[in-house]
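Asker: Protein chains in written order, with this note's numbering: chain A, 92 to 295; chain B, 141 to 361; chain C, 3 to 164.
These are computed hints drawn from the structure, not numbers from a lab.
Fair warning: there could be bad hints in the mix.
As the list claims (entries may be wrong) - Here are the simulated distance ranges between beta carbons: (1) C:Arg-138 with B:Arg-247: 49 to 57 Å; (2) C:Pro-144 with B:Thr-266: 27 to 35 Å; (3) C:Arg-41 with A:Ala-260: 41 to 49 Å; (4) B:Arg-244 with C:Ser-113: 50 to 58 Å; (5) A:Gly-235 with C:Arg-41: 31 to 39 Å; (6) B:Met-342 with C:Pro-89: 55 to 63 Å; (7) B:Arg-247 with C:Glu-42: 27 to 35 Å; (8) B:Met-342 with C:Gly-116: 54 to 62 Å; (9) C:Ser-113 with A:Asp-247: 40 to 48 Å.
Bear in mind the structure is a predicted one, so any value in this text is a computation, not a measurement.
Don't be surprised by glycine CBs; every beta carbon is placed ideally from N, CA and C.
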Amino acid sequence: MSTPRTLALRAVWLLAFAPGALAAQDHRLTERLDAATAEGVQRVVDSAHAEGLPTEPLVQKALEGKTMGATSGRIQSAVDALFGRLAEARAALGRDASETELTAGAGALRAGLDAGSLRQLHALRSDEPLTVPIAVLTDLVAEGVPPDQATRAVLDLARNGRSDAEFMALRKRVQTERRRGASADAGPVVRPAAPPAADPPGSP
Amino acid sequence: MREPLVLSTQRDSPIPSSVTDPSHGSPPAARLSQERVERGLFKVSDRDAVLVARTLDGDLGAFACLMARYRDSFGHYAFHMLGNREDAQEVMQDSFLRAYAALRRCRQPDRFGAWLFRIVVNRCRTVRRRLHRDWRLGADLPDNVPAAGDAAAALEWREEIARALARLRPRYREAFLLRYVRGLEYREMADLTGANEPTLRMRVKRAADRLRELLQDVHDG
Amino acid sequence: MDERHEEAQDRLLGDIVAELRRPVPLDPSVDSRVLAAIRERGAGRRRWIAGTGAAALAAGIVLALVLGPWPSTAGGARQVQLRLAAPASHVAVVGDFNDWDPAATPLRPTSNPGIWTVELRLKPGRYHYSFLLDGRRWVRDPVQPPAAESDFGTPMSVLTVS
Chain A
92 MSTPRTLALR AVWLLAFAPG ALAAQDHRLT ERLDAATAEG VQRVVDSAHA EGLPTEPLVQ
152 KALEGKTMGA TSGRIQSAVD ALFGRLAEAR AALGRDASET ELTAGAGALR AGLDAGSLRQ
212 LHALRSDEPL TVPIAVLTDL VAEGVPPDQA TRAVLDLARN GRSDAEFMAL RKRVQTERRR
272 GASADAGPVV RPAAPPAADP PGSP
Chain B
141 MREPLVLSTQ RDSPIPSSVT DPSHGSPPAA RLSQERVERG LFKVSDRDAV LVARTLDGDL
201 GAFACLMARY RDSFGHYAFH MLGNREDAQE VMQDSFLRAY AALRRCRQPD RFGAWLFRIV
261 VNRCRTVRRR LHRDWRLGAD LPDNVPAAGD AAAALEWREE IARALARLRP RYREAFLLRY
321 VRGLEYREMA DLTGANEPTL RMRVKRAADR LRELLQDVHD G
Chain C
3 MDERHEEAQD RLLGDIVAEL RRPVPLDPSV DSRVLAAIRE RGAGRRRWIA GTGAAALAAG
63 IVLALVLGPW PSTAGGARQV QLRLAAPASH VAVVGDFNDW DPAATPLRPT SNPGIWTVEL
123 RLKPGRYHYS FLLDGRRWVR DPVQPPAAES DFGTPMSVLT VS
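Isolated chain A (complex conformation) (with noise of 0.2 Å):
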């Protein structure tokens, strides 16, 4: 016997459990944005879940625009523009690349850095996840290395084909060069470490 207690609960495991169904309401949306909005954004959310692109990050910029006082239309546009660079993320890392990949290769184009560095990045370490490499790259930006300049020290890394570690430590050295007031144009700032004579032992 089918209660509307039952329906409903039914209702919820279907959305949460079928393969292919639309991308389940985000209550989220519903609850902080006005009827308009939620409705905008989830239309992008559904997009995103159909053309199997991560949606969190969309709705997490959605609630950031909400936070920030932004007007309805900035909220849109800046959920849609998010949507394009995921998808332009994919168009450069390929098919295979996971949600957070392609997050952080959305994040990597909105710093202004190109597609082109993302498919060059891909070509060179195409079987190893390249989120940190990524973060990394869009780091360097924004702690105003030139984009170029990081570029090329990141696809140095790759090509020679040195572990996450070793990216984040380029980073960490950036980082504190910048704090000691260093320029970021200066050259030995952002090219890599020598290459170690062999991994130390428990190195990932």
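Please arrange chains B and C on chain A, whose structure you already have, making use of the hints.
Answerer: Only chains B and C this time, still in chain A's reference frame:
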């Protein structure tokens, strides 16, 4: 009267010919259940359907049987996919809870295992892995460490494989584990992952090539 | 020569696969934690439904109750401490990890005047966030890289958890 708990075996896989013992590594209880299956005492597939039906009637003990049946087998895949026991346990917990919540949607209860495994594969995809590994010696070893004498070399080999696996793209690692460790056919893998067969073949080949490349020196040394 | 090389490669792959196929038993307490969660949720659902009318069965509310958040283990999440020196009477951190809710994560004052702190549990990933001082002023975290992108003009930082 409750039927006794039965542990499942890992199904035989198409493995390279150099590995000749198909039950290599199976725990004793699993081999026992395989014998009982062969003697026709009961069919493993019926057992799942019975346990699913009992669970839907409210018998949590039946669900406990299902968990005990699949925890280690599917947890094994999650462990290699994610690289550590902690994350694998979290994925199994999460997968069991989702399976329980959605049990009425399991359309073929006699294939509960395959249905649950699909959930596990999806959870492995969404769990964010640790990006840095904790390389304490022996941190995540299985219990059956080989006899002393070769212990150090075996340890190093195991860790090198884990490191090499971690360096693969997640989709390649997934394809490799499904094909070589779970022994699935490409058709089954396509159904599980949503990727087409040529893509999966490419991923398996790339993963195998990369693993060989990363592990050649350690293997030969 | 090619055939020997191929055999050697097959042997290598076989040895890799043999190692990977060794069983890896998980902690059986996984099962008891799941059962405990199911029992707890079952009891909660019954109590909740008994106390409210059918009209309240909006999908969103039921979704929250039935599907999450399930109890999560410590696996995968890292403890991250944020600290900020700020002349303010109230400081909060707002970002991707708390749905940009200014009320969700206040910082607490430390014994050093003007120094605020909070601990977060975050899974590996990248998080954008900002500090809100006295409910009206946004400042970025001077310790972390600035966010290269800020769509709404707010000072923003990025935290990478690995």
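Asker: Confirm or reject each hint.
Answerer: Do the hints match the structure? See the list:
no., hint, result
1, C:Arg-138 with B:Arg-247: 49 to 57 Å, "55 Å, holds"
2, C:Pro-144 with B:Thr-266: 27 to 35 Å, "33 Å, holds"
3, C:Arg-41 with A:Ala-260: 41 to 49 Å, "48 Å, holds"
4, B:Arg-244 with C:Ser-113: 50 to 58 Å, "55 Å, holds"
5, A:Gly-235 with C:Arg-41: 31 to 39 Å, "55 Å, violated"
6, B:Met-342 with C:Pro-89: 55 to 63 Å, "58 Å, holds"
7, B:Arg-247 with C:Glu-42: 27 to 35 Å, "28 Å, holds"
8, B:Met-342 with C:Gly-116: 54 to 62 Å, "58 Å, holds"
9, C:Ser-113 with A:Asp-247: 40 to 48 Å, "46 Å, holds"
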